[in-house]
Amino acid sequence: MNASWNSVRDDFPILHQQINGKPLIYLDNAATAQKPKVVIDALSSFYLNDNANVHRGLHTLSMRSTNAYEGARKRIAEFISAESPEEIIFTRGTTESINLVAASFGGSKLKSGDVILLTEMEHHSNIVPWQLIAQKTGAKLKFVPVTGDEGFLNLDSLEKLLTPEVKIFAFTHISNTLGTINPVVELCKKAKALGITTLIDAAQSIGHVPLSVKDIGCDFLCFSGHKMAGVTGIGVLYGKKSLLNAMPPWQGGGGMITTVDFETSTWKPSPERFEAGTPNYADAYALGVSCDYLDKLGRAQIAKHDAHLASLAYEALSKLPGIRIIGPKNNRSGLVSFAFKDVHAHDIVTFTDQDGIALRGGHHCNQPLMKKLGLTSTTRASFYVYNTESEIEVLVKSLSKILAFFS
Amino acid sequence: MSSDLTELYQQVILDHNRRPRNRGKLPQANRVAQGENPSCGDQCKVYLNVIGDRIADISFEGSGCAISQASASLMTTQLKGKTASEAEALYKNFHEIVTTGKQPEEISDVAAFAGVHAFPARIKCATLGWHAAMNALKNTEASATTESHTD
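Sequence lines, in order, name chains A and B. Residue numbers are given in this note's numbering: position 141 of the first sequence equals residue 141, and the series is strictly consecutive. Residue numbers are given in this note's numbering: position 99 of the second sequence equals residue 99, and the series is strictly consecutive.
Don't take every hint at face value.
Computed cross-link-like contacts, BS3-like style, restricted to lysine-lysine with a CA-CA straight-line distance of at most 30 Å [to be verified]:
hint, chain 1, residue 1, chain 2, residue 2
1, A, Lys-296, A, Lys-74
2, B, Lys-45, A, Lys-372
3, A, Lys-111, A, Lys-189
4, B, Lys-102, A, Lys-371
5, A, Lys-304, A, Lys-189
6, A, Lys-214, A, Lys-189
7, A, Lys-241, A, Lys-111
8, A, Lys-319, A, Lys-397
9, A, Lys-296, A, Lys-214
10, B, Lys-25, B, Lys-138
11, B, Lys-138, A, Lys-341
12, A, Lys-190, A, Lys-214
13, A, Lys-160, A, Lys-140
14, A, Lys-372, B, Lys-102
15, B, Lys-138, B, Lys-45
16, A, Lys-341, B, Lys-25
17, A, Lys-140, B, Lys-25
18, A, Lys-371, A, Lys-401
19, A, Lys-214, A, Lys-142
20, A, Lys-74, A, Lys-319
21, A, Lys-22, B, Lys-102
A few chain A residues that face chain B, going by a derived Cβ cut-off under 8 Å, partial list only [to be verified]:
hint, residue
22, His-16
23, Gln-17
24, Gln-18
25, Thr-163
26, Phe-340
27, Gln-354
28, His-363
Covered by chain B, according to a simulated footprint, are these stretches of chain A (three or more residues, beta-carbon under 8 Å) [what the hints assert, rightly or not]:
hint, segment
29, 144-153
30, 313-324
It is worth saying that the hints were derived from the structure and are not from the lab. We put the CB at the ideal spot given by N, CA and C, even for glycine.
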């Protein structure tokens with residue numbers, strides 16, 4: 001651990017409060033992570049000192065703002081090892097990034113009989129946009145199955161599903177419910193061998209593991225800022241330049257055109273083509289600061305820390321009577337999702353909240369997977385840089401108390 | 001355990017959750033409505049056998065938290081034998097109890113749900129079954145969803 005880790009909890013002012021008379025234990029990081037003071041200060045300072053609309057502005061503030069915005073684009077390209085900043089499109093988040101690809105790439109490439117290949121562990125945000133475009137184009141959806149409670153992708157089935165009809169293969173890097181880390185390099189390699197375009201939902205991985213699009217070999221990658229110690233309302237679509245520049249715009253407006261006549265217009269190349277209207281430049285700027293913060297801690301160290309807590313939690317929770325933990329036993333990401341036969345997730349979350357613990361209970365936007373596993377909901381504890389071993393002890397004690405109450 | 005929690009999870013609620021009354025399909029049902037809470041996945045299907053203006057029989061099926069299941073169970077015991085307008089009045093009374101914490105005027109097990117008001121996120125759980133029952137009474141085909149209600 002480097003020196004920055006010693007004071008990591010001090011970096012997050014929100015953690016230092018009591019909830020229902022108990023110290024806050026924030027274990028809902030897969031939904032959104034907390035933001036370090038350095039990011040909050042950067043955003044505040046931007047609005048206090050530098051704000052003006054970006055691009056085309058000739059005055060000093062507009063130039064500062066443009067530099068901050070384009071600087072963030074460059075920083076994020078570097079953060080994920082993209083070839084150039086033109087491959088980084090700012091969106092509202094993972095969901096919007098996937099919708100953009102489904103509407104623009106899918107809308108222009110897919111035809112009746114084509115196949116959109118997804119997996120059974122996708123978040124609704126990587127299912128519903130494809131359903132919408134499938135309805136429009138006549139393409140079909142197919143799903144790579146998940147193998148039971150351990151929650152791995154069935155790679156034997158994948159071989160059979162990767163057919164010439166598949167035009168895009170979209171899958172998650174890390175499952176938000178199972179904690180499974182998918183073999184993204186292998187998946188992209190298999191798809192690429194057949195000329196299939198790949199999209200990765202990196203919402204759960206971007207802030208947690210070292211990530212390089214060059215090493216992964218994907219065509220598109222989508223993520224949100226708010227799960228990586230960044231602010232809400234900003235996300236990224238990475239796409240290979242050649243693909244992006246062959247795609248039609250998905251929204252029209254200012255900033256994305258070269259010329260406009262009354263009847264027709266011509267488009268700028270990526271990224272401007274996909275950023276109609278005033279972009280969310282302030283939050284984009286703050287996202288660049290989040291990248292700096294995470295790199296200061298070290299993403300390999302973050303991955304190690306999260307995995308350590310997840311494995312501790314898995315072990316401790318396994319001892320609770322009647323618990324069913326879903327997802328891989330080993331090599332899981334920093335979250336544990338579990339269910340009890342007789343105590344519902346919402347009751348658990350209400351009880352643990354009284355002990356100051358923030359958990360999430362429900363279907364985690366994974367309804368098809370839940371149905372397959374015969375569950376209606378699970379309780380999920382998800383970890384991040386500021387969580388500690390002793391917080392897991394408090395969680396297990398709190399859960400034991402609830403089980404006794406309902407027994 | 002905090003006093004708010006013991007208020008929320010009273011014996012009456014725990015008992016109905018453990019041993020739900022009138023649970024299962026109702027073969028002679030002539031009105032059915034499904035209630036769903038899309039934000040959490042809780043479901044509750046209410047079956048009514050309405051004869052004339054009266055609920056001759058009632059049952060429910062569903063899955064969800066202790067609050068939603070106990071509420072649906074207790075509701076069936078409250079609504080059996082009631083007319084549509086009596087049922088409507090009971091619903092209004094229950095709604096007021098869970099949203100304000102007001103105690104019912106008469107001694108009743110529904111008083112157990114007054115503790116819900118201290119947990120605003122759980123009000124939807126408590127009213128899910130009631131929404132479905134009210135829809136079934138109106139014979140509306142659309143499923144009741146907690147998202148279209150302010151509670």
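Would you pick out the hints that fail for this structure and give their numbers low to high?
4, 11, 14, 17, 20, 22, 23, 24, 25, 26, 29, 30
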